[in-house]
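Peer 1: Next come the chains, spelled out residue by residue.
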Amino acid sequence: GQQLNQSPQSMFIQEGEDVSMNCTSSSIFNTWLWYKQDPGEGPVLLIALYKAGELTSNGRLTAQFGITRKDSFLNISASIPSDVGIYFCAGQRGGADGLTFGKGTHLIIQP
Amino acid sequence: DTGVSQNPRHKITKRGQNVTFRCDPISEHNRLYWYRQTLGQGPEFLTYFQNEAQLEKSRLLSDRFSAERPKGSFSTLEIQRTEQGDSAMYLCASSLASEQYFGPGTRLTVT
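Residue numbers (my numbering), protein chains in the order written: chain A, 248 to 358; chain B, 29 to 139.
One or more hints might be untrue.
[Stated by the list, open to error] In silico lysine-lysine, DSBU-like type, Cα no more than 35 Å apart, as pairs:
{"no.": "1", "chain 1": "B", "residue 1": "K42", "chain 2": "A", "residue 2": "K317"}
{"no.": "2", "chain 1": "A", "residue 1": "K350", "chain 2": "B", "residue 2": "K42"}
{"no.": "3", "chain 1": "A", "residue 1": "K298", "chain 2": "B", "residue 2": "K42"}
{"no.": "4", "chain 1": "A", "residue 1": "K298", "chain 2": "B", "residue 2": "K39"}
{"no.": "5", "chain 1": "B", "residue 1": "K39", "chain 2": "B", "residue 2": "K99"}
{"no.": "6", "chain 1": "B", "residue 1": "K85", "chain 2": "B", "residue 2": "K99"}
{"no.": "7", "chain 1": "A", "residue 1": "K317", "chain 2": "A", "residue 2": "K298"}
{"no.": "8", "chain 1": "A", "residue 1": "K298", "chain 2": "A", "residue 2": "K350"}
{"no.": "9", "chain 1": "B", "residue 1": "K85", "chain 2": "B", "residue 2": "K42"}
{"no.": "10", "chain 1": "A", "residue 1": "K298", "chain 2": "B", "residue 2": "K85"}
[Said to hold, decoys possible] Just a sample of chain A residues kept apart from chain B, beta carbon distances all over 10 Å, derived:
{"no.": "11", "residue": "E288"}
{"no.": "12", "residue": "G306"}
{"no.": "13", "residue": "A343"}
Honestly, the hints are just simulated from the structure, not real lab data. Just so it is clear, the structure is predicted and the values come from calculations on it, not from any experiment. Just so you know, even glycine gets a beta-carbon here, dropped at the ideal spot from N, CA and C.
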């Protein structure tokens, strides 16, 4: 099935650094969501975006809905060890539709 | 805990056997979704219910797969005549609107 293009595939960073990742699509989505998944667990919702150009924060996380509606970005500031995990973007066309996911960005933090 | 729950968490079965998984959504959520996730990939949408009606099925949902939500509350996903390619994490999510909340998943291993 279709998946979104998510980059980078993995990131090795030092604790305290800022992190940026992005997600692109060849088609338009009306909602973008960002999730974090720990090994053996289900994805946990971090941020939901509903309007093109929207910028939304959740603590140290900030996400943006691209103005073309074909991309989204997630930034994490001042990373801490518990930020380790896989981050997924997901796009949704209609409000009740199934989500289309990226392949994930694997974040690894070196102390 | 009032989140989405899934049972069992792990299932090992021999090829050719039938398996059934259960999902209990967040109690006030009328929408319920099933996804499949294989190693190194994001979740892929399988099917979706609004109350007891199954409204959408992905082409990934072969005729060996069937899902039900008989009273609009919990849902079951059955796989008949399992194949090794069915080995994956099966995730359930529920929602009232666009934001989907995932359960911990059922890890299926077909030997």
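Peer 1: Give a verdict on every hint.
Peer 2: Tested hints:
At most 35 Å may separate the alpha-carbon atoms for a hinted pair to count; B:K42 and A:K317 exceed this at roughly 42 Å. In summary, the hint linking A:K350 to B:K42 is supported, as the alpha carbons are separated by about 29 Å, within the 35 Å threshold. Distance hint between A:K298 and B:K42 is unfulfilled; the C-alpha atoms sit about 47 Å from each other, more than 35 Å. Restraint check for A:K298 and B:K39: not satisfied, since their Cα atoms lie roughly 41 Å apart, outside the 35 Å limit.
A C-alpha spacing of about 25 Å is found between B:K39 and B:K99, which places the hinted pair at or below 35 Å, so the restraint holds. Annotation: proposed proximity of B:K85 to B:K99 holds, straight-line Cα distance about 19 Å (limit 35 Å). Distance restraint check for A:K317 and A:K298: the Cα-Cα separation of roughly 12 Å lies within the 35 Å cut-off, and the hinted pair is therefore satisfied. Proximity of A:K298 to A:K350 is assessed by CA-CA distance (about 23 Å); at most 35 Å being required, the pair is judged to hold.
At roughly 26 Å between alpha-carbon atoms, B:K85 and B:K42 fall within 35 Å of each other, so this suggested pair holds. For the given pair, A:K298 sits about 27 Å from B:K85 by alpha-carbon distance, which is consistent with the 35 Å threshold. At roughly 5 Å from the closest C-beta of chain B, the C-beta of A:E288 falls inside 10 Å, breaking its exclusion from the interface. With a closest Cβ-Cβ approach of about 17 Å to chain B, A:G306 is found to remain outside the 10 Å limit, as its non-interface label requires.
Not every C-beta of chain B lies more than 10 Å from that of A:A343, the closest at about 6 Å, which undercuts listing it as non-interface.
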